[in-house]
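Protein chains in written order, with this note's numbering: chain A, 1 to 181; chain B, 182 to 338.
It should be emphasised that the hints constitute simulated quantities derived from the structure, not laboratory data. All C-beta atoms in this analysis are idealised placements derived from N, C-alpha and C, irrespective of residue type, glycine included. Some clues are possibly wrong.
Sample of chain B residues at the chain A side, in silico, Cβ under 8 angstroms [said to hold, decoys possible]: (1) 183; (2) 216; (3) 217; (4) 220; (5) 221; (6) 222; (7) 248; (8) 252; (9) 270; (10) 331.
In silico lysine-lysine, DSBU-like type, Cα no more than 35 angstroms apart, as pairs [claimed, not checked]: (11) A:87 <-> A:4; (12) A:4 <-> B:271; (13) A:141 <-> B:271.
The primary structure of each chain is shown beneath.
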Amino acid sequence: MAPKSTEATGYDVPIGTYEDATAMVGTTTPVRFGEIAVNVPMIRHYAAMVQDGNAAYWDDEFAERHWGGVVAPPGMLMTWLIPLEWKPGGVGRPRPLLTARVPLPGDTFVNVSNDAELFTPIRVGDHLNVVEELVEVSEAKRTSLGTGHFVTTVSTYRRQDGELVARTTNVLFRFMSEDDA
Amino acid sequence: MIPGVSYAQRYWEDVEEGSALPRVEDEITYRRVIMNPATTWDYFPAHHDPEYARSQGQPTIYVNTMHFLGFVDRLATEWSGPRGFIARRKVSMRRSIYAGDTMVGEGRVVRRYTDEAGPRVRHLVDLELTVRNQDGELCCPATVTLEMPVREPGEPG
Numbered sequence: 001m002a003p004k005s006t007e008a009t010g011y012d013v014p015i016g017t018y019e020d021a022t023a024m025v026g027t028t029t030p031v032r033f034g035e036i037a038v039n040v041p042m043i044r045h046y047a048a049m050v051q052d053g054n055a056a057y058w059d060d061e062f063a064e065r066h067w068g069g070v071v072a073p074p075g076m077l078m079t080w081l082i083p084l085e086w087k088p089g090g091v092g093r094p095r096p097l098l099t100a101r102v103p104l105p106g107d108t109f110v111n112v113s114n115d116a117e118l119f120t121p122i123r124v125g126d127h128l129n130v131v132e133e134l135v136e137v138s139e140a141k142r143t144s145l146g147t148g149h150f151v152t153t154v155s156t157y158r159r160q161d162g163e164l165v166a167r168t169t170n171v172l173f174r175f176m177s178e179d180d181a
Numbered sequence: 182m183i184p185g186v187s188y189a190q191r192y193w194e195d196v197e198e199g200s201a202l203p204r205v206e207d208e209i210t211y212r213r214v215i216m217n218p219a220t221t222w223d224y225f226p227a228h229h230d231p232e233y234a235r236s237q238g239q240p241t242i243y244v245n246t247m248h249f250l251g252f253v254d255r256l257a258t259e260w261s262g263p264r265g266f267i268a269r270r271k272v273s274m275r276r277s278i279y280a281g282d283t284m285v286g287e288g289r290v291v292r293r294y295t296d297e298a299g300p301r302v303r304h305l306v307d308l309e310l311t312v313r314n315q316d317g318e319l320c321c322p323a324t325v326t327l328e329m330p331v332r333e334p335g336e337p338g
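For reference, chain A alone in the conformation it holds in the complex:
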């Protein structure tokens, strides 16, 4: 079968072999800061999407008293580090997370699992950075979606003052889409 393109993902996702991928295991990214500091408008839009009425997200006075500021829902952690889709002077497409920069045969992916340890609340004004490490790429496995590889990354999130905020282990399934019979 001819290699398929990852073009439709909207990101530059490299095609390669399992050997290319295993050669990359152990790779650690440089420290990368989020584009935008933690802020109330994004918190409220996300809480509205989840329909979560938690006072720590919606009531400034309550949040200040109990948490020292409006709290970001912890499910937003990754959002604070997603690159802008375009920047002045920018070229090409936004760079995806490390997990999607691993060269493998698959043309698409789904996320499989996420294990997060959170050490301190994320609050308005925090400016987060992340270091990502590729820790494992499985051999080819067959699932109901198709054949592919499980890609495990560990991401360490810190605040601008160096405080450790969170550490997550994520598994993504990178697979070859199958044409309908």
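Following the hints, position chain B against chain A.
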């Protein structure tokens, strides 16, 4: 107090192991899935382009990881109250929730305990949670370790 906002707080002392969390049902419309990229900046096309989702072998667009995380956290902290802190959360996404599905969240308390994080004693509960679709199929099992407040001396019981 802002009308409709959740303030009700549960305290660690009052938690019983084995007790159930309230069941939460949430209808996931097409519009709701589109809110995933709008609010999380995750533009992976399977969350906004049905044709792309079908090319992956899925019937239509489906909710993203950050929506599952938000729903699991909502189950935990709606039960605990807004002074609960998610210290650890593991989710396993076994099956997608598609536009048009209903997310059904359930959970129970499996353990209540303390530990020491440096000089600080943490008052913790472990929760086991499930997210199913309207047909009862298990989509996302999760475990959450939640840090909860204890009553201040003199605080009403």
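Right, here's what the structure says about each hint:
1. 183: holds, 5 angstroms
2. 216: holds, 4 angstroms
3. 217: Hint on residue 217 of chain B: holds, closest Cβ of chain A at ~7 angstroms, below 8 angstroms.
4. 220: This hint holds: residue 220 of chain B lies near chain A, its Cβ roughly 4 angstroms from the closest one there, short of 8 angstroms.
5. 221: OK, holds: residue 221 of chain B within 8 angstroms of chain A, min 5 angstroms.
6. 222: Because about 4 angstroms separates residue 222 of chain B from the closest Cβ in chain A, which is inside the 8 angstroms limit, the hint holds.
7. 248: holds, 7 angstroms
8. 252: holds, 6 angstroms
9. 270: Interface hint status for residue 270 of chain B: holds (5 angstroms vs cutoff 8 angstroms).
10. 331: Since chain A brings no Cβ nearer than about 14 angstroms to residue 331 of chain B, farther than 8 angstroms, the hint is violated.
11. A:87 <-> A:4: Holds, at roughly 29 angstroms.
12. A:4 <-> B:271: Measuring from Cα to Cα gives roughly 33 angstroms; hence the hint holds.
13. A:141 <-> B:271: Satisfied, since the Cα-Cα distance of roughly 23 angstroms is no more than 35 angstroms.
In terms of the numbered hints stated before, the structure departs from hint 10 and from no other.
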